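Q: Please take these sequences and the hints and turn them into a complete structure.
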Amino acid sequence: MRRADDRTFATLLMAPAAVFLGVFVAWPLVRLVIDSFYRISPIAGGPRSFVGLDNYLRALRSSTFTSAAVRTVAYTGLVVSAEFVLGLAAALLFSMLGARSTVFRTVFLYPLMIAPVVAGLLWRFLLIDNFGIVNELLSRAGILSGADAIGWLSNPDIVLLSVAIPDIWLTTSFMTLVIFAGLQNIAADVLEAARIDGAPPASMLLRIILPLLRPVIAVALIVRGIDAAKAFDIILIQTKGGPENASQTLSLLIYQTMIRFSDPGLASAMATMYLVVMLLVATVAVWFIWRPGTAQR
Amino acid sequence: MNSLFVRRPGTRALVWALLTSLLVLYGFPFVYLLLTSFKTPLDTIAVPPTVLPHRWTTANYTSALHRGGVVASFVNSLTTATLSTVLSLLIAVPAAYGITRFRTFSGRVFIMGALVARMVPPVAVGIPLLSMIRALGLIDTPTGVAIAHTTVSLPLSIWLMASFFEAVPDELDEAAVVDGCGRLEALWHVVLPVVAGGLAVTAIFAFLASWNEFLFALLLTAVRAQTTPIVIANFQTQFGLDWGAMTALATMYSVPVILLTLILQRHIVAGLTLGAVKG
Numbered sequence: 001m002r003r004a005d006d007r008t009f010a011t012l013l014m015a016p017a018a019v020f021l022g023v024f025v026a027w028p029l030v031r032l033v034i035d036s037f038y039r040i041s042p043i044a045g046g047p048r049s050f051v052g053l054d055n056y057l058r059a060l061r062s063s064t065f066t067s068a069a070v071r072t073v074a075y076t077g078l079v080v081s082a083e084f085v086l087g088l089a090a091a092l093l094f095s096m097l098g099a100r101s102t103v104f105r106t107v108f109l110y111p112l113m114i115a116p117v118v119a120g121l122l123w124r125f126l127l128i129d130n131f132g133i134v135n136e137l138l139s140r141a142g143i144l145s146g147a148d149a150i151g152w153l154s155n156p157d158i159v160l161l162s163v164a165i166p167d168i169w170l171t172t173s174f175m176t177l178v179i180f181a182g183l184q185n186i187a188a189d190v191l192e193a194a195r196i197d198g199a200p201p202a203s204m205l206l207r208i209i210l211p212l213l214r215p216v217i218a219v220a221l222i223v224r225g226i227d228a229a230k231a232f233d234i235i236l237i238q239t240k241g242g243p244e245n246a247s248q249t250l251s252l253l254i255y256q257t258m259i260r261f262s263d264p265g266l267a268s269a270m271a272t273m274y275l276v277v278m279l280l281v282a283t284v285a286v287w288f289i290w291r292p293g294t295a296q297r
Numbered sequence: 298m299n300s301l302f303v304r305r306p307g308t309r310a311l312v313w314a315l316l317t318s319l320l321v322l323y324g325f326p327f328v329y330l331l332l333t334s335f336k337t338p339l340d341t342i343a344v345p346p347t348v349l350p351h352r353w354t355t356a357n358y359t360s361a362l363h364r365g366g367v368v369a370s371f372v373n374s375l376t377t378a379t380l381s382t383v384l385s386l387l388i389a390v391p392a393a394y395g396i397t398r399f400r401t402f403s404g405r406v407f408i409m410g411a412l413v414a415r416m417v418p419p420v421a422v423g424i425p426l427l428s429m430i431r432a433l434g435l436i437d438t439p440t441g442v443a444i445a446h447t448t449v450s451l452p453l454s455i456w457l458m459a460s461f462f463e464a465v466p467d468e469l470d471e472a473a474v475v476d477g478c479g480r481l482e483a484l485w486h487v488v489l490p491v492v493a494g495g496l497a498v499t500a501i502f503a504f505l506a507s508w509n510e511f512l513f514a515l516l517l518t519a520v521r522a523q524t525t526p527i528v529i530a531n532f533q534t535q536f537g538l539d540w541g542a543m544t545a546l547a548t549m550y551s552v553p554v555i556l557l558t559l560i561l562q563r564h565i566v567a568g569l570t571l572g573a574v575k576g
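Those protein sequences? They're chains A and B, same order as listed. Each residue of the first sequence is one higher than the one before, starting from 1 at the first, in this note's numbering. Each residue of the second sequence is one higher than the one before, starting from 298 at the first, in this note's numbering.
One should not assume that every hint holds.
[Stated by the list, open to error] Simulated coverage check for chain A against chain B, where a stretch passes if three residues somewhere in it have a Cβ under 8 Å from a Cβ of chain B:
1) 31-41
2) 68-76
3) 113-122
4) 128-139
5) 151-165
6) 221-234
7) 268-281
[To be verified] One side only, chain B facing chain A, incomplete, derived with CB under 8 Å:
8) PRO326
9) TYR329
10) GLY404
[Stated by the list, open to error] Okay, the calculated beta carbon distance ranges per label pair:
11) ASN155/A - VAL321/B: 26 to 32 Å
12) VAL348/B - ARG214/A: 39 to 45 Å
13) GLY494/B - PRO211/A: 32 to 38 Å
14) PRO211/A - LEU387/B: 39 to 45 Å
Rather than coming from a laboratory, the hints here were simulated on the basis of the structure. Since we're looking at a predicted model, the values are computed, not measured. Think of the CB as a built atom: it goes at the ideal place given N, C-alpha and C, for glycine as much as any other residue.
A: The following block contains the structure:
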């Protein structure tokens, strides 16, 4: 049992953070939920009228909202699985080189520090139809029939894939670093024993390495999944959600409903649903897989 | 060294080759950005594009820096990120210390709360925050943007600092208190010097979170307090597609943080993998 003044002291230490998060995170979210029940004039201080669940019904009935939700899930799945496969491959290669991989790992780190806006613009520049270097190099290598054979950001069928590329490029390093660190913690004799038993590499990976890395992989997937589902600037800067809304995810739709279509009530209802689903999914994932605080002691 | 390490020369050569080609692919986009920024403005959008500049020039840099608001935006980015980092650390350090040292029920609730705060989509906070910041009279000021950025960096800072404090044995500050130190003095003079490295890592992450942030800066600024990411984004609408100047400005904005990363590589890796691997 802790002494009472200890508890008071601990509370005092936590108070500023609690106040800050309460005022600038929790309270805005309460306001968001309240606003979602009103039709609000976009002019500051303008009239507002209570409309009950009307904003929610309007959102759920519009295919714009439901397809943006589907796109957000697809985008998140795409980004996270690509990062996982590439990150795992790179981490395994690094481990095979042992200490000699330091230089490689350093170089691999750099995109993590680049602003998503810069990454998005950079890739838009690389993938642009007429003077983009990617199509030019691909067609010179004989993979594409001509430099304008693929419209990465102008073809609605593939644009969601194209806007995901900078996100994958930006944060595969995170996945690699986390998995690499996890690999270093696997006891050498476990792998050695499997190797002596003559286990083929594929079954070593599937039967031994991946199960042992499960907690590390779970955390990495959760952290990246949450971030990818929130992606905003990286997509906005490439396509503004287009063409034909084909890359419009929930963050973009909510922002555009607020700013371009000046409908704060509808934007709040959409954001509330988005927030609730995010919190539910993430809390369930964290609670069942990660259990922070319990494993540490 | 773990036993994935391969010794057979043939396999090693193959791994080297694979990794080298992977890194060339991975490094190419930024190298191309750098090279493009030194092309002449016309060569930047030449069809077909070339990898190397025909003629090396700093014309893109001169034109980017002469744009109205560009230099000011650097000052704004620096001011905002510094303010947000200081605010974040001032609040996060005592909170993380309180959470890890006294292990009260409220502390456990709090660290989960900090985690939940990380899951909140910025666009959900951003819309109501806009009217709050406006009501506080902080719209279009670095302070207003810094407060918004701290909603992102504070949960992360609490989480990181809590992990660093975990690594310091309780006996250290208990001994200091027995020796007649006040509780706050024990934190300040005894524990903080021990976690100085962790403090630096946390500061870097808080700084980067603000330096690279876009949505809040977009919502909360108009002209005066615009940070560089907003200015970079505006290059395409306001002035048509000025790719040359964009590549120069993007380079200037990214190179300092990339250099910082390379210098502090070891610490940054520790910060990124902490929690994930420990937890």
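Q: Each of the hints needs a verdict: does it hold here or not?
A: Each hint, compared with the structure:
no.: 1; hint: 31-41; verdict: holds (count 3)
no.: 2; hint: 68-76; verdict: violated (count 0)
no.: 3; hint: 113-122; verdict: holds (count 8)
no.: 4; hint: 128-139; verdict: holds (count 5)
no.: 5; hint: 151-165; verdict: violated (count 0)
no.: 6; hint: 221-234; verdict: holds (count 6)
no.: 7; hint: 268-281; verdict: holds (count 7)
no.: 8; hint: PRO326; verdict: 6 Å, holds
no.: 9; hint: TYR329; verdict: 6 Å, holds
no.: 10; hint: GLY404; verdict: 6 Å, holds
no.: 11; hint: ASN155/A - VAL321/B: 26 to 32 Å; verdict: 27 Å, holds
no.: 12; hint: VAL348/B - ARG214/A: 39 to 45 Å; verdict: 42 Å, holds
no.: 13; hint: GLY494/B - PRO211/A: 32 to 38 Å; verdict: 33 Å, holds
no.: 14; hint: PRO211/A - LEU387/B: 39 to 45 Å; verdict: 43 Å, holds
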